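Chains A and B supply the protein sequences, listed in that same order. The first sequence begins at 22 in the numbering used here and counts up one residue at a time. The second sequence begins at 3 in the numbering used here and counts up one residue at a time.
Bear in mind the hints are in silico, worked out from the structure with no lab data behind them. Note that the coordinates shown come from a computational prediction; the quantities given were computed from them, not determined experimentally. Treat the hints with care, since some could be wrong.
Pulled a few chain B residues facing chain A out of the computed Cβ check, cut under 10 Å [to be verified]:
1. W762
2. I763
3. Y764
4. T766
5. P773
6. Y777
7. I784
8. K791
9. Y794
10. F833
11. T845
12. Q846
13. S848
Glycine included, each C-beta is placed from N, C-alpha and C at the ideal position.
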Amino acid sequence: MRRLIFSNLILLTIMISCQKDINVNIPPFEQKLVANCWFTGDGKWYMKVTKTRNLLDKSPIEIVSNAEVKIYEGETLIEILPYLSNGIYGRSNGYCAKVGKTYIMTVSSPGYPVLKATETLLESPDVNDIKLDTINVVTSKNLVGHYATIFLNDNPNTIDFYNILVYRNHITPIETTINNIRYNPGDTVFDDLVHFHVNELIDKQYCHHSSWLVKDIFLSNSSTPTQLLIDHNSFENTISFRFEINSITEAYFKYGSSLGSYISGGLVELTGVAISFTEPMQIKSNVENGYGVFASYNGYEKVIQIE
Amino acid sequence: MKFVKKAFFFIIICLLISPRLISQEPKQKTISCTYKNEDLKKVFEDLGKNYELDFYYTDQQIKNVSITVTINDKPLIKALDIILADTHLDYKIKDDTKIVIVRKKEPKMKEYEKKKFISGYVKSNSGEYLVGAQIIISNQNIGAVSNDHGYYCILALQDSIRLEAKYFGNKLSKDIFYLEKDTLINLVLSNIEIKGISITNSKDEAYETTQMSKLTLTQDQLKSLPAFLGEPDLIKTIQILPGIQKGIEGEGYLYVRGGGPEQNLILLENVPIYQSSHMLGLVPFFNSSAINRVEVLKGGFPARYSGRISSVVDIDLKNGNKKEYHGNINISPLMAELTLEGPIKKEQTSFILSGRRTYIDLIAKDYINSLKKGTNYDYQVYDISVKINHKISDKDNISLSVFNNQELAEYIYSFELPTGHNANKFALDIKNSIVSFEWNKLLSKNLNGKFQLFYNNTLNNIKNTETLSNSSSIKQNTSLNFVSSIANSSANFDFLYVPSNTHTIRFGLNGSYQTFNPASFNSLNLVNSTIPVAEEKYSFSDNYKVYGVKGYLEDDYNISNKLKASFGISYSFYKVNQKRYSYYEPRASFRYLLSDHASLKISYSSMHQYIHLLANYGYSLPLELWVPSNESIKPTISHQFVIGVSQAIKHQFELSLEAYYKTMNNMISFKDGSSIDLVKNDWKENITSGHGLSYGLEAFIQKKQGAVKGWIGYTLSWTERQFDEINNGEWFPYKYDRRHDFNITIIKTFLKNFELSASWIYGTGNAISLPLATYDTGGGWIATIYNKKNSYRLAPYHRLDLNFVYTRVKKKTISKWSLGLYNAYNRMNPFFIRYNEEENKFTQHSLFPIIPSISYNLKF
Numbered sequence: 022m023r024r025l026i027f028s029n030l031i032l033l034t035i036m037i038s039c040q041k042d043i044n045v046n047i048p049p050f051e052q053k054l055v056a057n058c059w060f061t062g063d064g065k066w067y068m069k070v071t072k073t074r075n076l077l078d079k080s081p082i083e084i085v086s087n088a089e090v091k092i093y094e095g096e097t098l099i100e101i102l103p104y105l106s107n108g109i110y111g112r113s114n115g116y117c118a119k120v121g122k123t124y125i126m127t128v129s130s131p132g133y134p135v136l137k138a139t140e141t142l143l144e145s146p147d148v149n150d151i152k153l154d155t156i157n158v159v160t161s162k163n164l165v166g167h168y169a170t171i172f173l174n175d176n177p178n179t180i181d182f183y184n185i186l187v188y189r190n191h192i193t194p195i196e197t198t199i200n201n202i203r204y205n206p207g208d209t210v211f212d213d214l215v216h217f218h219v220n221e222l223i224d225k226q227y228c229h230h231s232s233w234l235v236k237d238i239f240l241s242n243s244s245t246p247t248q249l250l251i252d253h254n255s256f257e258n259t260i261s262f263r264f265e266i267n268s269i270t271e272a273y274f275k276y277g278s279s280l281g282s283y284i285s286g287g288l289v290e291l292t293g294v295a296i297s298f299t300e301p302m303q304i305k306s307n308v309e310n311g312y313g314v315f316a317s318y319n320g321y322e323k324v325i326q327i328e
Numbered sequence: 003m004k005f006v007k008k009a010f011f012f013i014i015i016c017l018l019i020s021p022r023l024i025s026q027e028p029k030q031k032t033i034s035c036t037y038k039n040e041d042l043k044k045v046f047e048d049l050g051k052n053y054e055l056d057f058y059y060t061d062q063q064i065k066n067v068s069i070t071v072t073i074n075d076k077p078l079i080k081a082l083d084i085i086l087a088d089t090h091l092d093y094k095i096k097d098d099t100k101i102v103i104v105r106k107k108e109p110k111m112k113e114y115e116k117k118k119f120i121s122g123y124v125k126s127n128s129g130e131y132l133v134g135a136q137i138i139i140s141n142q143n144i145g146a147v148s149n150d151h152g153y154y155c156i157l158a159l160q161d162s163i164r165l166e167a168k169y170f171g172n173k174l175s176k177d178i179f180y181l182e183k184d185t186l187i188n189l190v191l192s193n194i195e196i197k198g199i200s201i202t203n204s205k206d207e208a209y210e211t212t213q214m215s216k217l218t219l220t221q222d223q224l225k226s227l228p229a230f231l232g233e234p235d236l237i238k239t240i241q242i243l244p245g246i247q248k249g250i251e252g253e254g255y256l257y258v259r260g261g262g263p264e265q266n267l268i269l270l271e272n273v274p275i276y277q278s279s280h281m282l283g284l285v286p287f288f289n290s291s292a293i294n295r296v297e298v299l300k301g302g303f304p305a306r307y308s309g310r311i312s313s314v315v316d317i318d319l320k321n322g323n324k325k326e327y328h329g330n331i332n333i334s335p336l337m338a339e340l341t342l343e344g345p346i347k348k349e350q351t352s353f354i355l356s357g358r359r360t361y362i363d364l365i366a367k368d369y370i371n372s373l374k375k376g377t378n379y380d381y382q383v384y385d386i387s388v389k390i391n392h393k394i395s396d397k398d399n400i401s402l403s404v405f406n407n408q409e410l411a412e413y414i415y416s417f418e419l420p421t422g423h424n425a426n427k428f429a430l431d432i433k434n435s436i437v438s439f440e441w442n443k444l445l446s447k448n449l450n451g452k453f454q455l456f457y458n459n460t461l462n463n464i465k466n467t468e469t470l471s472n473s474s475s476i477k478q479n480t481s482l483n484f485v486s487s488i489a490n491s492s493a494n495f496d497f498l499y500v501p502s503n504t505h506t507i508r509f510g511l512n513g514s515y516q517t518f519n520p521a522s523f524n525s526l527n528l529v530n531s532t533i534p535v536a537e538e539k540y541s542f543s544d545n546y547k548v549y550g551v552k553g554y555l556e557d558d559y560n561i562s563n564k565l566k567a568s569f570g571i572s573y574s575f576y577k578v579n580q581k582r583y584s585y586y587e588p589r590a591s592f593r594y595l596l597s598d599h600a601s602l603k604i605s606y607s608s609m610h611q612y613i614h615l616l617a618n619y620g621y622s623l624p625l626e627l628w629v630p631s632n633e634s635i636k637p638t639i640s641h642q643f644v645i646g647v648s649q650a651i652k653h654q655f656e657l658s659l660e661a662y663y664k665t666m667n668n669m670i671s672f673k674d675g676s677s678i679d680l681v682k683n684d685w686k687e688n689i690t691s692g693h694g695l696s697y698g699l700e701a702f703i704q705k706k707q708g709a710v711k712g713w714i715g716y717t718l719s720w721t722e723r724q725f726d727e728i729n730n731g732e733w734f735p736y737k738y739d740r741r742h743d744f745n746i747t748i749i750k751t752f753l754k755n756f757e758l759s760a761s762w763i764y765g766t767g768n769a770i771s772l773p774l775a776t777y778d779t780g781g782g783w784i785a786t787i788y789n790k791k792n793s794y795r796l797a798p799y800h801r802l803d804l805n806f807v808y809t810r811v812k813k814k815t816i817s818k819w820s821l822g823l824y825n826a827y828n829r830m831n832p833f834f835i836r837y838n839e840e841e842n843k844f845t846q847h848s849l850f851p852i853i854p855s856i857s858y859n860l861k862f
């Protein structure tokens, strides 16, 4: 709704306002490294190093192929990651991150300050089960959908963060989305929470997916089942869903939610960057001396098939 | 030799006679005489000769003293009182015939018990209370200033009284009279017409009182200035005063000495207003025809004002004429307005009714809607204010005020889908309502009381409905409803007590109950389908119940002729849910007369604020949430120091200079990267608290008299903020940190019927955060990196407005045609700038180019 109101206002303003091109003397900006790194409890790994780009520079984002990327478990160096291609650094020793361990990443490249970030792999969430209603319902988007109920034991004494993903294995070219989340059947929170995912970590065998970042404000009662309404608009006989419930750290949540707000802010898409009309949305980062994120997640998954 | 003899006697008698020996009843000698502008020496000589009296004085004492007096058969004491009434002299009587002339003494405290009070109300001819009028006992060189209900109270030092009242150049003088007892005198100043422009207090008030940082506007002054589209706008007029700034173009908020818009206590009939601007700031929020007087305080706040930390804008509505029926019609391109006032019962009960309505929806709606098929835009604003005033007796007055305004915006659009016809309706509905009852009573000779009961309500409602239908039936209906509201019920008791001429004491108590609903949301989705329907009914509501009690005590203390002080303390108790806050707020102001035409003032104010505005758009939108202090949000606290001087130059110009230093703590703001999302209702998660600092210098010079009047105001200021979770915890400039702010306003009257006014304003450009670079976030998105927060400046803002008024006076009507030119030299001021990614360039958007206007006003 915010977007609807604001979009109308912005469009109206742009229509009625007079505009002229102006020269803005952009202050010099010192180029920095950007490291985006995710890893999971089941051994998945993604690491890419790029550089920032001046605002008016329209050349492709510059990748970094000569960086030295080190990963530490606590104080112990685990590996210096070899460069693969396209700015991506892979792993060679098959090391799998351990729950409760803290990992440190450093990235150095000649001429740039050394990046440093810390991340701890959390336990996977305590999910008893996920059930999917077999009855088709019509959702607010006038699509056919199903209710899924997650039986999650959330610790009421801690603030926890989750990433909920739903995949659908189907060829119909309609995007599967989580329509809404209910933390208690009868009450509902809305379908405008933070949609965020990392393309590179999405399971490619499922062509349709939806990913949310959720703070346990919606899940803080351990006895309350959480209900999802999933659009899929499919009347075929067999549909297969895969659910992932991942524990994520606060740093990852902040990064993802600030990026989600930035993306869904509306102004970016509508008008480019409307400066001075809104406060800027800065993307959170846990990477020192640069930008990006060093994040982990660890999850529960279940595949449910509806006949 | 004669002089030496008299001097000798004078000294001896002064030593012997300490108190005045009036108690020794003199012989009942009666006096009759008539003098016109006669030297006192000659008068004494005549009286001595005719009535066998001996006068003892020095030539120095009576040098250049002359009197005009007529006395018929008055006892000696009364006669001497009359003769010396307008002088600085007093007398002592010895042995019935020896009269020693002495200088008048300042009275001692115990003498007050013998003295008598003069009190009452000052009103205009039409029955309006005159606030800030000066009431003087000219022969005793004492006086008072009428309060916000026109009440004054003076303790007379002598029984002979020459009473005068002054109000904006209008003067009332009463013949000398004698006080037999405490006396109620209501003063009526006829032909009150405040012409021209003057936006500070009257000269005397500016020098006399300890109050500083105060500006006053009246209705006539408001209507004299250039106005956007010919519609006088109180808020936009206040925006051009020194120390007060506007935000961005068109915005109807006030930024006072570096404070935010939520920090202004805007009072309409002593009732706080939360929103003071309509959407986009196009339509003036207040109807200037219903306004009697506006006071703006930027600092040196008296203890009776509390609850906001940056300013007080106190707006009084007119009471209505108690003698005659009058009306006012105003037609501008924006809206039409009608005001009627008159007696319900002559001299006793009056009414004023004023209403306005925009009519763009009536005259241009069809054209706008024809531009795009399937769309329908609608926008209207109306308001109505009614006030009934009833005089129960000379000591009792009651009034009932009702104010209501509403803003409606609607956008309907429809289109065809393969599945059917899709119709959408988006509507904004914003309402403000006030009901206030006031009872003003003179409780005793020197105690005035006011009781007020009021209720006000602010309601924002946003609705969106979407209907999908085919030719036979409705397939789906989705509705969203967002509501934000504040309701406030309050009772005020205010008292003014004048125990003596050296102390004026105010005290009062306020109790309030407020309900805040920053955000509630519900959504309903109804689907007609052959398969089961998803139950989709969502809602949340966020309510706070707030109980508040405030008390205050303030004392204006005349320490000496030159030094005056005002001390005050305010106490507030505040309870929201289970959280309680209570604070004391000390206030102090001092005034020292540097000369007859100059004064030095210093003040300190401590203020608390229990209400906060969450907004990150910097615009008057219903998306801004008013939230109360609660368990996680502490009240905002400020301390402000002000020092200033006022100087009159050649009786035509008045100059004031003020420097201020203000700290603000527990301010709240959205964290970096956060914004309001009505649907999530997660504002509590996304806010951070921090500090603010403002300091600056304001210079103001104005000319009140002559064919050319006006003022020049200049402000040099700095305003900064610091939040732990914004800008990496570093201090940054506030977005409306404006280093230089300049305004010159000139009004020229010529050929009696013509008036030309011009106003030019200049302000340093707003502070913004500029995008510097981009980077790959890894999730498939490119993000923007900004420079340090608010470290880039937009182009300066400047604009010239002109207004030409032709007035035609007939026997029973006064009509005015106003031709206005907003932004006369078509300056393209930055509204916002935008980085256009496709064309890789910056563009600046400006809202209002040169805009001519014509408006018509008829008074009858």
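Here is what the structure says about each hint:
| no. | hint | in the structure |
| --- | --- | --- |
| 1 | W762 | violated (20 Å) |
| 2 | I763 | violated (19 Å) |
| 3 | Y764 | violated (19 Å) |
| 4 | T766 | violated (14 Å) |
| 5 | P773 | holds (5 Å) |
| 6 | Y777 | holds (5 Å) |
| 7 | I784 | holds (8 Å) |
| 8 | K791 | holds (8 Å) |
| 9 | Y794 | holds (8 Å) |
| 10 | F833 | holds (6 Å) |
| 11 | T845 | holds (5 Å) |
| 12 | Q846 | holds (5 Å) |
| 13 | S848 | holds (5 Å) |
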